[in-house]
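Visitor: Chain residues, written in single-letter form:
Number of protein chains: 4
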Amino acid sequence: MVFIIKPKVGEAQIGNFVKDWENKGFSTILSVGTEHTAVCLIGNTAAVDMDHVVETNDIVEYAKRVTEQYKAVSRTVHLDNTIVDIGGVKIGEGFFTVISGPCSVESEEQIVQVAKAVKASGAKLLRGGAFKPRTSPYSFQGLKEEGLRLLKIAREETGLPIVTEIMNQTQVPLFEDIDVLQIGARNMQNFDLLRAVGEMGKPVLLKRGMASTIEEFLTSAEYLMSSGCKSIVLCERGIRTFETMTRNTLDLSAVVLLKQKSHLPVIVDPSHATGIRSLVSPLSKAALAVGADGLIIESHNDPSKALCDGGQSLDLLQFEVLMQELKIRAAIEQKQL
Amino acid sequence: MVFIIKPKVGEAQIGNFVKDWENKGFSTILSVGTEHTAVCLIGNTAAVDMDHVVETNDIVEYAKRVTEQYKAVSRTVHLDNTIVDIGGVKIGEGFFTVISGPCSVESEEQIVQVAKAVKASGAKLLRGGAFKPRTSPYSFQGLKEEGLRLLKIAREETGLPIVTEIMNQTQVPLFEDIDVLQIGARNMQNFDLLRAVGEMGKPVLLKRGMASTIEEFLTSAEYLMSSGCKSIVLCERGIRTFETMTRNTLDLSAVVLLKQKSHLPVIVDPSHATGIRSLVSPLSKAALAVGADGLIIESHNDPSKALCDGGQSLDLLQFEVLMQELKIRAAIEQKQL
Amino acid sequence: MVFIIKPKVGEAQIGNFVKDWENKGFSTILSVGTEHTAVCLIGNTAAVDMDHVVETNDIVEYAKRVTEQYKAVSRTVHLDNTIVDIGGVKIGEGFFTVISGPCSVESEEQIVQVAKAVKASGAKLLRGGAFKPRTSPYSFQGLKEEGLRLLKIAREETGLPIVTEIMNQTQVPLFEDIDVLQIGARNMQNFDLLRAVGEMGKPVLLKRGMASTIEEFLTSAEYLMSSGCKSIVLCERGIRTFETMTRNTLDLSAVVLLKQKSHLPVIVDPSHATGIRSLVSPLSKAALAVGADGLIIESHNDPSKALCDGGQSLDLLQFEVLMQELKIRAAIEQKQL
Amino acid sequence: MVFIIKPKVGEAQIGNFVKDWENKGFSTILSVGTEHTAVCLIGNTAAVDMDHVVETNDIVEYAKRVTEQYKAVSRTVHLDNTIVDIGGVKIGEGFFTVISGPCSVESEEQIVQVAKAVKASGAKLLRGGAFKPRTSPYSFQGLKEEGLRLLKIAREETGLPIVTEIMNQTQVPLFEDIDVLQIGARNMQNFDLLRAVGEMGKPVLLKRGMASTIEEFLTSAEYLMSSGCKSIVLCERGIRTFETMTRNTLDLSAVVLLKQKSHLPVIVDPSHATGIRSLVSPLSKAALAVGADGLIIESHNDPSKALCDGGQSLDLLQFEVLMQELKIRAAIEQKQL
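Chains as they are written, first to last, in the working numbering: chain A, 24 to 360; chain B, 24 to 360; chain C, 24 to 360; chain D, 24 to 360.
Any given hint could be a false lead.
Identical copies look the same in the list; a pair holds intra-copy or inter-copy alike.
As the list claims (entries may be wrong) - Listed below are the simulated DSS-like cross-link pairs for lysine-lysine, each with C-alpha atoms no more than 30 angstroms apart in a straight line: (1) 47 / 253; (2) 253 / 167; (3) 358 / 253; (4) 350 / 284.
Simulated from the structure, these hints should not be mistaken for laboratory data.
Note that the structure is predicted; figures quoted are calculated from it, not measured.
Assemble the whole structure, with the sequences as input and the hints as a guide.
Guide: Next up, the structure:
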């Protein structure tokens, strides 16, 4: 159940209202928007007489039941679009933000070269895997701490904030200085990791699990937000279906639905969604057209020699060409690229 | 196995080459493009010495094995993009062709009103169901012959060619005067229907089955083309996945892959793909951006009273607004809308 | 809405009750069981006052809303288990009936040899494809009419009733003398075929579509029954999923659910479900254990030379061994094999 | 590449052979079976001349390439069936071992009562969730450490070894005294957890991820085994498909394939696979018939009041009846229940 508070009601009054509910045994979520503040009750609200609360509380404009399992990330509770701000780089309404970089950080030379190139082409954040979740224990597992160190060098050289994947909660101390923590598709329902990362309070890029429904995806985001994370970027990266010609099936309908049901920004990963280089560019344009807030694209200085996922990586020229094509189209969508 | 014939080789010579192979027990497909003519062998070609054929036949430029089950629809056999021409209306390279109309033809007034409106907004063909495949035997099954009659009146009034679904081969005589025969998703592997419709030689709109792979889709198109149909438009309309928030999952990657692997035009049906009106507009823009050659969109003069699928139909104003938005974007893609 | 009629009410009285409803514009389904007769209304029953009908009609024991789209095949309307009788061969409660034979009829010698062998091993019906639905137009399409002729010879020689697939309604006259008409997975929602076959009044083996839900499957059976078919055998044959190691994923849960929701017998096709010979035997035993009423299994006198699906066919010895194993287990399930 | 060592070759000789390869930069897996010992190389073996190795090494019987990503768990590397032994309770060939207990440990009274009852009915291990992975952060998350304590009391009272889920690697110290560590479906590709649990060297029950292929499942087991775990029990628990009538689709074909491709025992979880109580019993019998080595079944003293998954739990009487039915059938399969 959510109570939308009347405009201009003071913090103290809202605080008292919240405290009353907590004294009755409910947990609460306080959602402060630019125009609306809302208080959402967590707990068994079946017996709460919604109309009575509205009638007897001057500060409440109206009340609604929240039937979804997710609350804090729901648009019912928070009406405004959330714009995530990463050291000045924005993801959300009015922007089309492109994150790029290699699947794996391989060397200082590689990551710095890629970072400079993608920045020059218009990328606003640098991605790169240090800890790599790999299907087989015998595959390259990433440079680990060394990979993080090299990412920070690339950040130093370019000013691009860095996005990289955290695989388990014992790694939290290593990620204190990372700008955006990525939670991978396979970890979307690693609930302890969600909670631990949520408590860090840093921006998070949460990827949709490859067999996760939209509702489960948002409910995993709720784990993050209910643990303290305010800056969540959702990422559609393809779901597993019977079709084998692509690695996964990119679900662009999900982008629209996620933005209808939640206030969070949504980006698209066309590289992992398809696993095929020649699909990255057309699907990137489609993601922009459908209303996504950005992209995360794998790029590499020499895809044929990449230690991981070379077949889906753009080379630096292909990335530049794509960015030019996106710029023209972003203008039409009135988004800043 | 396909033999690409050298430019400027005469018909007679090619005819002899074909006859030779048929005498040896092979079937052949003759594919005449603007620049290249190709002869494709059907049968057990394992024992054919490809190099020997090229060396001993002056008219052959080169030869290739066709490993796919589809041949005539394959880009390996036919290099040029096919542009389907329906009485002057074109679907294919350089065009973005929108087909619109109601799920079901309901009355003369309805279909004529919708036809006029969608034409005014820029649609180039009129769709409307006369024979309706319905999950339940107790649901409205369409106006049948009467529906076809009303469609022709609407064509008369507007000049729009008409697209409507044929459900079985006994209906062939009823569809002689229909411009484009639609084969529905549930009939994509109704092979006898494919053959019967293929033999009519009329343009066909073939929808992807909801559990069909891209390869199966193209192999069904091969049934049509090998039976005599030269004008096939492929239609991606969503596949069945575990996600339940949309009726199906629109697979826009398939559009790109279909155009890579085949020379046929590909359009998108965002209405049936999602079943949700608010998704039709964003997914239409995404289809354009990804490289589709057009759309088939359900529209209705009064969706709330539609006998079928009202929840996914645009009203006539929504359709007009969408067409305006598409026009701006088609210009950028250098396509004529 | 279904009205369960009191025991021992005469036909005439029930006839009048039915006529009353039809006069009011409803269609009706009359379901006569051994203990209960039921009258089910088809149409808009929203305004019918169920309690009032029960109170004012002496012959009605009780009434229920039928919320499913299927009515005549629903256990709500028909409480007893239906046992399908094919010239004395029974499929349903108390029996475990095995149908076997080759994917395709290839020659008189082949089909007669297989028929004799599978009969000797305990099969009660002979299957064999005459008209074959094949993904590619260039694959062997069956012996067609000749195949039907050979099947009848095999029936003559062995006494086994024959099961074979009808692919479209123009074939109806060819199938008048066939004992059980099979409707294949790809045609499960070929509604015109369902209706045409239903009107023949002959026993039908209906296979589940590879992307069809249990509810859609039963609603397709409703097309058959509402057209006049009283003897329907449902067949679970695997659904399409992301797993590629098997051709399909056999859904044995569906067997239990189909029997809970419907009164029709349910058999299992382990050959097409998996496409792998070594899985046929264990899944056959599992089908028996889960409560299926029988199996349809591909067998061949020389699988390595089969024109179709040899890789999933048992040879005649393997079939015999399997039947021995099933006999021991059928005894425990108190089913006659 | 795997080298099968000749019978009766001494440990020292094998040790030297292994050391040679490690000196050349390969990792090795040593697999000791009752009849065959095998040495499997991990690394880039493309340049290794297999025949030369066999010819020049007296101790090698033959060599094979292992094309799968999994090695140590592969039947190619380890020919004998592995029987997992948990304090005398065996899972594997010749046994049909049933694990039962509630979804969540709720109280000492509950877990002890259930443990005594399932033991009396023939269960050989006790399951019970202490740490619960829940889709929503607002659902009951288990009694945690207290739950582990209560499980140990139930073990004390009944002698049943206990199986319970570990959710992340920081919990390793808490699980030192647990008999079998369960890794849940959502964590099947939590690679860091697999490694940490593998290093503990304790028996592990690994559940198949709901969108994981059979190959991915075995490759996750490879993480465990390559980290030191010798006792792995695989558990098929249903995969996610388009069918919504069951929670998941139980894939019994996978049981057969897992046992063909791997030497590890495989059990089935019919409770989570379907989410429906009335399906548990028929699918349990089917699992036995298909060749599974056991079951894990949710049971509860009062399912209607269960804090979690009551709808799929058997009550104690239903469990007892099922066990009776399984005993009769296990005798036929020559398995000890």
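Visitor: For each hint, tell me whether it holds in the structure or not.
Guide: Results for each hint:
1. For the identical chains of this complex, residue 47 and residue 253 are intra-copy neighbours only, at 26 angstroms inside a copy versus 51 angstroms across copies, given an alpha-carbon limit of 30 angstroms.
2. For the homomeric pair residue 253 and residue 167, the shortest alpha-carbon distances inside one copy (27 angstroms) and between copies (27 angstroms) are both at most 30 angstroms.
3. Proximity of residue 358 to residue 253 under the C-alpha cut-off of 30 angstroms is restricted to the intra-copy arrangement: shortest distance 23 angstroms within a copy versus 42 angstroms between copies.
4. Both within a single protomer and between protomers do residue 350 and residue 284 lie at most 30 angstroms apart by alpha-carbon distance, with minima of 28 angstroms and 29 angstroms respectively.
Going down the numbered hints, you'll see the structure goes against none, and every one checks out.
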